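All chains should be built: construct the whole structure from the sequences, respecting the hints.
There are 2 protein chains.
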Amino acid sequence: MKIALVGAGNVAGHLAKALEKMGHEVAAVYSRTRSHSEDLAHQLANATATESLNFLSYDLDLAVIAVSDTAIASVAKQLEVKPGTIVCHTSGSQPLAILAAVAGARTGVLYPLQTFSRSKAVDFSQTPILIEAEDEATLQQLQQLAKTLSPIVHQVSSLLRKHLHLSAVFACNFTNHLLGISRELLSEANLPIELLHPLIQETIAKAMQQDPFQVQTGPAVRHDQNVIEEHLAMLHHHPAYKELYLKLTQSIQAKHSAANSSKIL
Amino acid sequence: MKIALVGAGNVAGHLAKALEKMGHEVAAVYSRTRSHSEDLAHQLANATATESLNFLSYDLDLAVIAVSDTAIASVAKQLEVKPGTIVCHTSGSQPLAILAAVAGARTGVLYPLQTFSRSKAVDFSQTPILIEAEDEATLQQLQQLAKTLSPIVHQVSSLLRKHLHLSAVFACNFTNHLLGISRELLSEANLPIELLHPLIQETIAKAMQQDPFQVQTGPAVRHDQNVIEEHLAMLHHHPAYKELYLKLTQSIQAKHSAANSSKIL
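Just so you know, the sequences run in chain order A and B. Mapped onto the numbering used here, the consecutive letters of the first sequence carry residue numbers 21 to 285. Mapped onto the numbering used here, the consecutive letters of the second sequence carry residue numbers 21 to 285.
A few of these clues could be false.
Copies of the same chain look alike in the list, so a pair counts if it fits in one copy or across any two.
List of simulated lysine-lysine pairs, BS3-like, C-alpha gap at most 27 Å [what the hints assert, rightly or not]:
hint, residue 1, residue 2
1, Lys167, Lys226
2, Lys275, Lys102
3, Lys22, Lys167
4, Lys182, Lys275
5, Lys167, Lys182
6, Lys22, Lys102
7, Lys41, Lys140
8, Lys226, Lys140
9, Lys37, Lys226
10, Lys267, Lys182
11, Lys182, Lys262
12, Lys226, Lys41
13, Lys275, Lys140
14, Lys167, Lys275
15, Lys262, Lys275
These aren't lab readings, by the way, just hints derived from the structure by calculation. Remember, it's a predicted structure, so these values are computed and weren't measured experimentally.
Structural data, given as structure tokens:
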């Protein structure tokens, strides 16, 4: 396929490189910021950097919009492609319908369910790709494309993709924040941060093998009030973390007592 | 060493088996519940199950107290060992001093920093063991013992062990709860729970390589208010999760704006 990337951030960069590696041609890279599109274009074999959203002169099969969620609507309005070109976005939270503004295009979604960082390569063979399209023919073409990137390709509606995205916020964004707090507390106590790595790895491995609620451990689920109060006192200089500690403890206890009641019933 | 295990739960079981494997003799296993001590004793080569805390007739080198945090003080009061026997507990949250009640013993702590489940073997070679003792000679002996179990042995004071335990609650107990919520939300949407596994693995791998606060992603750190409000609305049937979503989002935003201000300064 002959492809343009609209966007030059982490998602656009990793996708462009993976697509090229799989034999597709990335013909153009758009960014509002010239240096960003040039940076990415230089890392690709045949790509032109552009600041224009008029792609009429390119003979594109596909334009991939990989910009921030809040910029998709505005990009979609300005994008110009030949009639029949597939235009897809890569967002977990935005519906397919947001692309209705792109004149003449066949619209779809190609959402790689992974976290992308500038500095770290992405293994697309381990990355689920969720697709959606406005019609069956477009869906088939997106599916073929997605399968060149990953063996895990699912068709998921806009509504279900939103639910998946919400779950991902808990499992990844919020989990990452807790790991950050944990690391900060270790550093404050001058303890080596690596000490917790085996415990974190085992916790995650276990949570993926079994229902995490069934293997919950710690002072909250044991209702160990002495330890809980000591921990809250130790967090006096971090009122926000103290509040989180309390809310998470309450949520664990509520969940567990609900689970126990349902076992009795 | 000739060792008694006081307790027959997950920690006691995994420790007893690992100690035996490394050539130590587990001579006795105590539990208040006869069937528990018998279950564990049957899995060991030479252990007697007992309901008595009088170990005077055993020629022990070491008694390991591996009972719940709230039971340690009461067990310590009742425990009878020959003068000079080392008595240690295995708790992250309890101080060394809680063992002062054991008459005539040399006291210490041997805290394996790992999460233990009945059904899953523990790789002690990947488990940090934190030790503490009332005197240098006892510390040396506990260190020698710990090193037969794991290459990662650290001497950590009661106070620092408490800080480590608090960090572990955030990194493991609370993280596990969030993974449980995530899984529940996926199940409610009839989405396969495996879909998020690659994202979870990558999130954790990244959080152990870099400061998680530096690689935070998601709607909270992007201040994407539309998505945040949509997510809160989707959680209307889970008021406790909605509250957690809000508090975690606020904490991420507070952290990030503090980080940005300090960059400006």
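Hint-by-hint comparison with the structure:
{"no.": "1", "hint": "Lys167 to Lys226", "verdict": "between (30 Å within a copy, 26 Å between copies)"}
{"no.": "2", "hint": "Lys275 to Lys102", "verdict": "neither (54 Å within a copy, 45 Å between copies)"}
{"no.": "3", "hint": "Lys22 to Lys167", "verdict": "within (16 Å within a copy, 60 Å between copies)"}
{"no.": "4", "hint": "Lys182 to Lys275", "verdict": "both (24 Å within a copy, 26 Å between copies)"}
{"no.": "5", "hint": "Lys167 to Lys182", "verdict": "within (22 Å within a copy, 49 Å between copies)"}
{"no.": "6", "hint": "Lys22 to Lys102", "verdict": "within (13 Å within a copy, 81 Å between copies)"}
{"no.": "7", "hint": "Lys41 to Lys140", "verdict": "within (17 Å within a copy, 40 Å between copies)"}
{"no.": "8", "hint": "Lys226 to Lys140", "verdict": "both (25 Å within a copy, 9 Å between copies)"}
{"no.": "9", "hint": "Lys37 to Lys226", "verdict": "between (34 Å within a copy, 21 Å between copies)"}
{"no.": "10", "hint": "Lys267 to Lys182", "verdict": "both (25 Å within a copy, 21 Å between copies)"}
{"no.": "11", "hint": "Lys182 to Lys262", "verdict": "between (30 Å within a copy, 16 Å between copies)"}
{"no.": "12", "hint": "Lys226 to Lys41", "verdict": "between (35 Å within a copy, 24 Å between copies)"}
{"no.": "13", "hint": "Lys275 to Lys140", "verdict": "between (37 Å within a copy, 24 Å between copies)"}
{"no.": "14", "hint": "Lys167 to Lys275", "verdict": "neither (39 Å within a copy, 39 Å between copies)"}
{"no.": "15", "hint": "Lys262 to Lys275", "verdict": "both (20 Å within a copy, 14 Å between copies)"}
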